Amino acid sequence: GIQVEQSPPDLILQEGANSTLRCNFSDSVNNLQWFHQNPWGQLINLFYIPSGTKQNGRLSATTVATERYSLLYISSSQTTDSGVYFCAVERLKVEYGNKLVFGAGTILRVKS
Amino acid sequence: SAVISQKPSRDICQRGTSLTIQCQVDSQVTMMFWYRQQPGQSLTLIATANQGSEATYESGFVIDKFPISRPNLTFSTLTVSNMSPEDSSIYLCSVGGWTGELFFGEGSRLTVL
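Protein sequences, first through last, are from chains A and B. Heads up, the first sequence is in the numbering used here, so the first residue is 51 and it goes up one at a time. Heads up, the second sequence is in the numbering used here, so the first residue is 7 and it goes up one at a time.
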């Protein structure tokens, strides 16, 4: 199956700092999403980004599908950004589906 | 995005018992997905539930242990049978949007003693 690797595994930031999280995947994909899991376990969909660049407030994401990686940028981090960030992908295939394979996640801690 | 409600949100269960988790969606969806997240781990797909047919299980998961029902296009249940402490996890229901995005319920946090 497709492999998804996220880096770094852990990250500690001072409030206000910027960060970049990376997701590498081993095969062509037709679906890539970034999620944030807050400390209470709720998974929030940040970006659906199989290719290109998107921005939403202080967050932005870029996927370079031909090189099989995606980046999530967090600017001016806040303590509420703490949690686990997951990258999830679905291998390119003919039939429709949403069977995402998740990476191991990046644990982010933002200190005030 | 869909609104997905799960019950129970958390429970503490005794070894050997079974627990059924409910997932309700505010709109009709073709496929619903059940994921498991063991403590400190990532998410793993258990099965895909289609209305009107048997669920499709991923490698390592079997129907006898995780029976799934899908009686209509807005509802599904996952039962965790004959539980052991290794089943302590967060179980998450999810549905796909029209554009390919996946949305999750709040999860059901199970602790098995």
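Mixed in with the good hints there might be a few duds.
Here are the simulated BS3-like pairs of lysine-lysine, each with C-alpha atoms no more than 27 angstroms apart in a straight line [stated by the list, open to error]: (1) A:Lys149 to B:Lys13; (2) A:Lys149 to B:Lys71; (3) A:Lys104 to A:Lys149; (4) B:Lys13 to B:Lys71.
Okay, the calculated beta carbon distance ranges per label pair [said to hold, decoys possible]: (5) A:Lys104 to B:Gln28: 19 to 27 angstroms; (6) A:Ser125 to B:Arg16: 29 to 37 angstroms; (7) B:Ser75 to A:Ile94: 24 to 32 angstroms; (8) B:Arg16 to A:Gly107: 29 to 37 angstroms; (9) A:Thr116 to B:Leu119: 47 to 55 angstroms; (10) A:Gly51 to B:Pro14: 28 to 36 angstroms; (11) A:Ser126 to B:Asn78: 28 to 36 angstroms; (12) A:Thr116 to B:Thr50: 22 to 30 angstroms; (13) B:Ser7 to A:Ala154: 39 to 47 angstroms; (14) B:Gly103 to A:Ile52: 17 to 25 angstroms; (15) A:Gln92 to B:Thr117: 14 to 22 angstroms; (16) A:Ser126 to B:Ser7: 19 to 27 angstroms; (17) A:Ser125 to B:Pro77: 41 to 49 angstroms; (18) A:Thr116 to B:Asp17: 43 to 51 angstroms.
Hints were generated in silico from the structure; no laboratory data involved. Treat the numbers as computed from the prediction; the structure is a model and nothing was measured. Glycine included, every Cβ here is placed at the ideal spot set by N, Cα and C.
Tested hints:
1. A:Lys149 to B:Lys13: 23 angstroms, holds
2. A:Lys149 to B:Lys71: 21 angstroms, holds
3. A:Lys104 to A:Lys149: The hint holds at about 22 angstroms.
4. B:Lys13 to B:Lys71: Distance of about 19 angstroms is within 27 angstroms: holds.
5. A:Lys104 to B:Gln28: 19 to 27 angstroms: Violated: the Cβ-Cβ distance is about 34 angstroms, outside 19 to 27 angstroms.
6. A:Ser125 to B:Arg16: 29 to 37 angstroms: 34 angstroms, holds
7. B:Ser75 to A:Ile94: 24 to 32 angstroms: Given range 24 to 32 angstroms: holds, Cβ gap about 28 angstroms.
8. B:Arg16 to A:Gly107: 29 to 37 angstroms: Once the Cβ atoms are compared, 31 angstroms apart, the range 29 to 37 angstroms for A:Gly107 and B:Arg16 holds.
9. A:Thr116 to B:Leu119: 47 to 55 angstroms: 50 angstroms, holds
10. A:Gly51 to B:Pro14: 28 to 36 angstroms: With a Cβ separation near 32 angstroms, A:Gly51 and B:Pro14 satisfy 28 to 36 angstroms, so the hint holds.
11. A:Ser126 to B:Asn78: 28 to 36 angstroms: 45 angstroms, violated
12. A:Thr116 to B:Thr50: 22 to 30 angstroms: Given range 22 to 30 angstroms: holds, Cβ gap about 28 angstroms.
13. B:Ser7 to A:Ala154: 39 to 47 angstroms: 25 angstroms, violated
14. B:Gly103 to A:Ile52: 17 to 25 angstroms: 21 angstroms, holds
15. A:Gln92 to B:Thr117: 14 to 22 angstroms: 18 angstroms, holds
16. A:Ser126 to B:Ser7: 19 to 27 angstroms: 25 angstroms, holds
17. A:Ser125 to B:Pro77: 41 to 49 angstroms: 46 angstroms, holds
18. A:Thr116 to B:Asp17: 43 to 51 angstroms: Given range 43 to 51 angstroms: holds, Cβ gap about 46 angstroms.
In summary, the structure is inconsistent with hints 5, 11, 13 from the numbered list given earlier, while agreeing with the others.
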